[in-house]
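> From first to last, the protein sequence lines are chains A and B.
Going by this note's numbering, the first sequence opens with residue 1, and the numbers climb by one from there.
Going by this note's numbering, the second sequence opens with residue 1, and the numbers climb by one from there.
There may be inaccurate statements among the hints.
For chains that are exact copies, the list does not tell them apart, and a pair is met inside one copy or across any two.
Simulated pairs of lysine to any residue, SDA-like, Cα-Cα distance not exceeding 20 Å [to be verified]: (1) K70 - P211; (2) K99 - E115; (3) K140 - N22; (4) K121 - N96; (5) K70 - M214; (6) K312 - H19; (7) K70 - G94; (8) K325 - E227; (9) K46 - E226; (10) K325 - P232; (11) K144 - N209; (12) K70 - W92; (13) K327 - R24; (14) K70 - P212; (15) K144 - S347; (16) K99 - P212; (17) K223 - N323.
Read the hints as simulated data drawn from the structure, not as lab findings.
There are 2 protein chains.
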Amino acid sequence: MLPGPTNVPERVLRAMFTHIINHRSQDFVELYTEVIEKTQQVFQTKNDIVALSASGTGAVEASVVNLIRKGDKVIIPVNGEFSGRLAQMLEWQGANVIKLETPPGQNATFEQVKEAFDNNKDVKAFYVVHNETSTGTQVKYLDKISSLTSRNNAFYVVDSVSLLGGAELPVDKWKIDVCITGAQKALAAPPGISPISVSPRAKKHMIENPPPTMYFNLARYFKYYEESKHTPFTPALPLLYAFREALRIILEEGLDVRIRRHKACSDALYSGLSGLGLTPFAKEEDRSISIIALNYLEGLEDNTFRNTLAKKFRVLVAGGFGNLKGKVFRVGCMGEVHRYHVMRTISAISSTLNMMGYKTNTVDALQVAEEKLKNL
Amino acid sequence: MLPGPTNVPERVLRAMFTHIINHRSQDFVELYTEVIEKTQQVFQTKNDIVALSASGTGAVEASVVNLIRKGDKVIIPVNGEFSGRLAQMLEWQGANVIKLETPPGQNATFEQVKEAFDNNKDVKAFYVVHNETSTGTQVKYLDKISSLTSRNNAFYVVDSVSLLGGAELPVDKWKIDVCITGAQKALAAPPGISPISVSPRAKKHMIENPPPTMYFNLARYFKYYEESKHTPFTPALPLLYAFREALRIILEEGLDVRIRRHKACSDALYSGLSGLGLTPFAKEEDRSISIIALNYLEGLEDNTFRNTLAKKFRVLVAGGFGNLKGKVFRVGCMGEVHRYHVMRTISAISSTLNMMGYKTNTVDALQVAEEKLKNL
């Protein structure tokens, strides 16, 4: 139950057991075009897709170095490790970064974002971390952002590394120019492949202003794909096989069904864990579907709690990030998370709390969770 | 018989069939420290190692962005796609690049390199592509370079993506500050992991001058490794399992034995294929052990030849790169290449030539090859 990398179905692991092919062959073309086309379906887009052989951070960096130039004004909400890291990359690139800072666990409101646009008519791009993995918050007004970016043709960039595939994010409908995710989160593939979608106008901008960089130079990827359906550099082949299989599984389940499953499991985890007396770290309206960050109860020690949970009950959860270390723990609700994961996680956390001297009502907690899962 | 990615033993493929672990756990520490320690043995170094989740080009780019700053004078021999690409990255970084250009298939001599050092006393770094995959040349005086770089403490950087593990390259003995390779070449692992070694003085320089970049920021990797034996970003876990298994296999075989095997197989391929009437593209003294580039015989069409070889005889070789397309083909001799690969490749190429109307003497060709393999 980690906030990534998440569980991977055996079908996906087995897909890697394939002899290494030539990445300049027809076999590769078949593999890669299927990956690209199925990723487009999952992103709900007709935009170009590049599947980078890198972590999510690498793909996020690619969105910065290919789109932003010195002096460009960029608005970005910042309230955690990953949004902070993204703001740092924008600053390194020389952007004039307008940070909408809010306390961890709480998002900038849409009104605050709108105000920032009103005060910065010359904004070049809006960057946003959809789901802040470090604190368990999720921005819930992404559908409304294009009403702001469209005013002056600002680029709209969404880092949805830890959520895409687990919540609604229709790239074309919401007019997102650049959207990034990672294979190892809600898509339930192993880490190492990070897809990025690029709208025609962002692509044109990137091709006309190629960055002085090699590995993350997206114009180079567009060129190779158009000419031969190849990638410019040797891709991580076994991970592409795994990712293709994960995409097939997602489309077999159906994206709508998958998103409903994530929502039901998430609701059940929040209800059940709250029923045990735990309180979510994030403000109610900003809570993430896929990352449930919970405050530690008074006196509950991080390592002892997580080790007991792991060793006695075989449930892995993550600790806090940065200065939230020891103050919160995080339960992932992404990818291969089903009814039985939810129920045994609540039950295991309850038993662990009991073992550590905290009284909980397991039966009630399981009942409220079961209620949320009844339509699954 | 591709010049990479190369054949991977089943043990290595099987190693990827492992459930995904937390990259912030003790399980990961055990995996990653074994990878680092065994890579040090294969590099013959005590230097720090970072195993990047990226292709070889990504790791080569990391060596540039972490070491070189605007105005730094850098000497680099250039005679093919990969050395040209590296020179391009150095220029993008703002270096004053002294290119020692020679025709493809022919290396700058040691005397030319020495002369460049004599004429540029203020050189900051010497970059060299050990083995030029695009043309089948190999630089054979890497043992002597430190006599030049030591004069003014210039950094010595070797891109050995397509050779390390298949030829002698003792990093510490030859005083190489930064050495880069890729998992998918002579190390016989799948593509996607690229290790880079960094000497103490290069490391100090990198930490004191961190680049404004995230994914390839080596100072960040050093810090995470020292603090927790973790990587700063989610690594490509299945590929690390595969790479560890490949390293175990290399050390079980013995690095010396492996290097002798590569040399014998390479000698046998050169002799046998020459015996069929084919001529190597590279100048004799500059010929690569691991990439055998051969000129097409008059009238021999690239695609027909390679398709026949692949479809009738199940032997894959690569075409030429860039403007050598259609003029040469390339046979890889790296990683899992043994007697039977060599013999069946010569035999298959001979049969293909015969089918296409060229007369060859298969028996003689196999005999001269067998002679070279007799000490294996």
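> Hint by hint, say whether it matches the structure.
Comparing the hints with the structure gives:
For the homomeric pair K70 and P211, the shortest alpha-carbon distances inside one copy (12 Å) and between copies (16 Å) are both at most 20 Å. Taking the shortest Cα distances, K99 and E115 sit within 20 Å of each other inside one copy (12 Å), while across copies they are farther apart (53 Å). Within a single copy, K140 and N22 get their C-alpha atoms no closer than 43 Å, and across copies no closer than 28 Å, so neither meets the 20 Å cut-off. Taking the shortest alpha-carbon separations for K121 and N96, only the intra-copy value of 13 Å comes in at or below 20 Å, while the best inter-copy value is 40 Å.
Proximity of K70 and M214 under a CA criterion of 20 Å is satisfied in both settings, with 19 Å inside one chain copy and 17 Å between copies. With identical chains, the CA atoms of K312 and H19 are at most 20 Å apart between copies only, with a shortest distance of 19 Å across copies and 39 Å within one. For the homomeric pair K70 and G94, the shortest alpha-carbon distances inside one copy (4 Å) and between copies (16 Å) are both at most 20 Å. Taking the closest pair of Cα atoms, K325 and E227 come within 20 Å of each other only across two copies (15 Å); inside a single copy the shortest separation is 48 Å, beyond that limit.
Only within a single protomer do K46 and E226 lie at most 20 Å apart by alpha-carbon distance; the minimum there is 15 Å, versus 44 Å between protomers. In the homo-oligomer, the alpha carbons of K325 and P232 lie at most 20 Å apart only across protomers (16 Å), although the nearest pairing inside one protomer, at 40 Å, exceeds that limit. For the homomeric pair K144 and N209, neither the shortest alpha-carbon distance inside one copy (29 Å) nor that between copies (42 Å) is at most 20 Å. Taking CA atoms no more than 20 Å apart as the test, K70 paired with W92 passes in both settings, with 9 Å inside one copy and 16 Å between copies.
In the homo-oligomer, the alpha carbons of K327 and R24 lie at most 20 Å apart only across protomers (17 Å), although the nearest pairing inside one protomer, at 50 Å, exceeds that limit. Proximity of K70 to P212 under the C-alpha cut-off of 20 Å is found in both arrangements, the shortest distances being 13 Å within a copy and 13 Å between copies. When the C-alpha separation of K144 and S347 is checked against a cutoff of 20 Å, the pair qualifies neither within a copy, at 39 Å, nor between copies, at 66 Å. In this homomeric assembly, K99 and P212 come within 20 Å of each other (Cα to Cα) only across copies, at 19 Å, whereas the closest approach inside a single copy is 26 Å.
For a Cα distance limit of 20 Å, the shortest separation of K223 from N323 across copies, 17 Å, qualifies, whereas the shortest one inside one copy, 43 Å, does not.
Consistency note: the structure conflicts with the earlier hints numbered 3, 11 and 15.
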